[in-house]
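*Asks:* Here's the letter readout for the chains.
There are 2 protein chains.
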Amino acid sequence: MFENIKPMDIEKRSFAIITELLGDTQLDPENELVIKRVIHTTADFDYVENLVFSPHAVGKGIAALREGCDIVTDTQMAKAGINKTILGRLGGEVHCFMSDPDVAAEAKERGVTRAIVSMERAAQLSRPCVFAIGNAPTALISLHELIEAGKLDPALIIGVPVGFVNVVESKELFLDSPVPHIIARGRKGGSNVAAAICNAMLYQIMR
Amino acid sequence: MFENIKPMDIEKRSFAIITELLGDTQLDPENELVIKRVIHTTADFDYVENLVFSPHAVGKGIAALREGCDIVTDTQMAKAGINKTILGRLGGEVHCFMSDPDVAAEAKERGVTRAIVSMERAAQLSRPCVFAIGNAPTALISLHELIEAGKLDPALIIGVPVGFVNVVESKELFLDSPVPHIIARGRKGGSNVAAAICNAMLYQIMR
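For the record, the sequence lines run as chains R and H.
Counted the way the working numbering counts, the first sequence spans residues 9 to 215.
Counted the way the working numbering counts, the second sequence spans residues 9 to 215.
Same shape as in the complex, but just chain R (with noise of 0.2 Å):
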């Protein structure tokens, strides 16, 4: 009933299964292993059409996190997924600002959320970042405000948020913008999609 197959090997294995279900679908050779990355973290093909990517998204994105950069994300649990071993490796952390107390306060203060709040302060960061939303739509909202701005010059915006309300919208803002961007269209996405983006990425540099 089972497959016999060695830890080390599952991964391998589940890669050509997902090779040899997409068939003849073409994929393009610099998204290949994002797509396909995506697709083992959610068996959902969907995401061979939904996924959106700026010339030379991922090779942008590669680059800089070869040079350290850093990661900002707006759940716990994109951070929890995030290899931050490698991203350690390279000289980058990840950073989520979510559950920062004084984060919290502001935003209630303001009548905002918390994804805004957070935005701001990744902002402020001096080194540049890769931007991974797997939830809020206001942090893409937010992060397309602040770079019209002037304020922020993200490396690489990963737009991938789950849901009902403003999803689609915040992830069509970044559809014809100059900045380095993968959109996961539509409503489907989440946080586990944003780190498995990260980690396509990563695995390309070290395994």
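These are computed hints drawn from the structure, not numbers from a lab.
Be aware that one or more of the hints could be misleading.
One copy or two, it doesn't matter: identical chains are merged, so the pair holds either way.
Distance condition first, Cα-Cα at most 30 Å in a straight line; then the derived DSBU-like pairs of lysine-lysine [said to hold, decoys possible]:
| # | residue 1 | residue 2 |
| --- | --- | --- |
| 1 | K116 | K14 |
| 2 | K92 | K14 |
| 3 | K44 | K20 |
| 4 | K20 | K159 |
| 5 | K159 | K44 |
| 6 | K68 | K116 |
| 7 | K116 | K44 |
| 8 | K20 | K116 |
| 9 | K14 | K159 |
| 10 | K116 | K159 |
| 11 | K159 | K92 |
Following the hints, complete the assembly by docking chain H onto the known chain R.
*Replies:* Relative to chain R, chain H alone:
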């Protein structure tokens, strides 16, 4: 373009949209909030069909959590996603043994997955537990063996690993089990789904 909505109202509005999109689909009232929270987490309506509940699994899970049982999970992501504030107020905590150095060492020595060793550790906990498995089919297989051997009597098994190798089969092990279970049939699932199911139960106890 964006719906103007207060942060505290976003979740309520999301659930209203999910209800609207479900249309005439009838959900078992006992399972409704679990199914809707999984859809809220994934934007994937396949879970209406995929999620299988043993009789009163949700009620039994809620009863166990209310009495202060612990939750054991197979990923740091699920641990990060579970509402530990509510769980703690009820007297429970979340365990994830996957990253423990001695678990990794033992798994390597025996040539088995860390998930198997983690579940064996969990079976030694003296407290009743809900198991929330979102990643490793070998964790589910191990739990099934421990139960069959009379070494484990879990309060509830949430079996929602995602993937392509032994995943579907590992979940089917529980479909006829007398042990209370919530299973996501097929390839889909994930740490986010495991956490969402735990939180759906925790939120029904306390908000």
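*Asks:* Indicate, hint by hint, whether the structure satisfies it.
*Replies:* Here is what the structure says about each hint:
1. For the homomeric pair K116 and K14, the shortest alpha-carbon distance between copies (11 Å) is at most 30 Å, but the shortest distance inside one copy (50 Å) is not.
2. Taking the shortest Cα distances, K92 and K14 sit within 30 Å of each other inside one copy (25 Å), while across copies they are farther apart (34 Å).
3. In this homomeric assembly, K44 and K20 come within 30 Å of each other (Cα to Cα) only inside a single copy, at 11 Å, whereas the closest approach across copies is 33 Å.
4. Neither within a single protomer nor between protomers do K20 and K159 lie at most 30 Å apart by alpha-carbon distance, with minima of 42 Å and 33 Å respectively.
5. Taking the closest pair of Cα atoms, K159 and K44 never come within 30 Å of each other, the shortest separation being 34 Å inside a single copy and 38 Å across copies.
6. Taking identical chains as interchangeable, the C-alpha atoms of K68 and K116 are never at most 30 Å apart, the minima being 36 Å within one chain and 36 Å between chains.
7. In the homo-oligomer, the alpha carbons of K116 and K44 lie at most 30 Å apart only across protomers (27 Å), although the nearest pairing inside one protomer, at 39 Å, exceeds that limit.
8. Taking the closest pair of Cα atoms, K20 and K116 come within 30 Å of each other only across two copies (18 Å); inside a single copy the shortest separation is 46 Å, beyond that limit.
9. In this homomeric assembly, K14 and K159 come within 30 Å of each other (Cα to Cα) only across copies, at 25 Å, whereas the closest approach inside a single copy is 49 Å.
10. For a Cα distance limit of 30 Å, the shortest separation of K116 from K159 inside one copy, 23 Å, qualifies, whereas the shortest one across copies, 48 Å, does not.
11. For the identical chains of this complex, K159 and K92 are intra-copy neighbours only, at 27 Å inside a copy versus 35 Å across copies, given an alpha-carbon limit of 30 Å.
Going through the hint list in order, the structure does not satisfy hints 4, 5 and 6.
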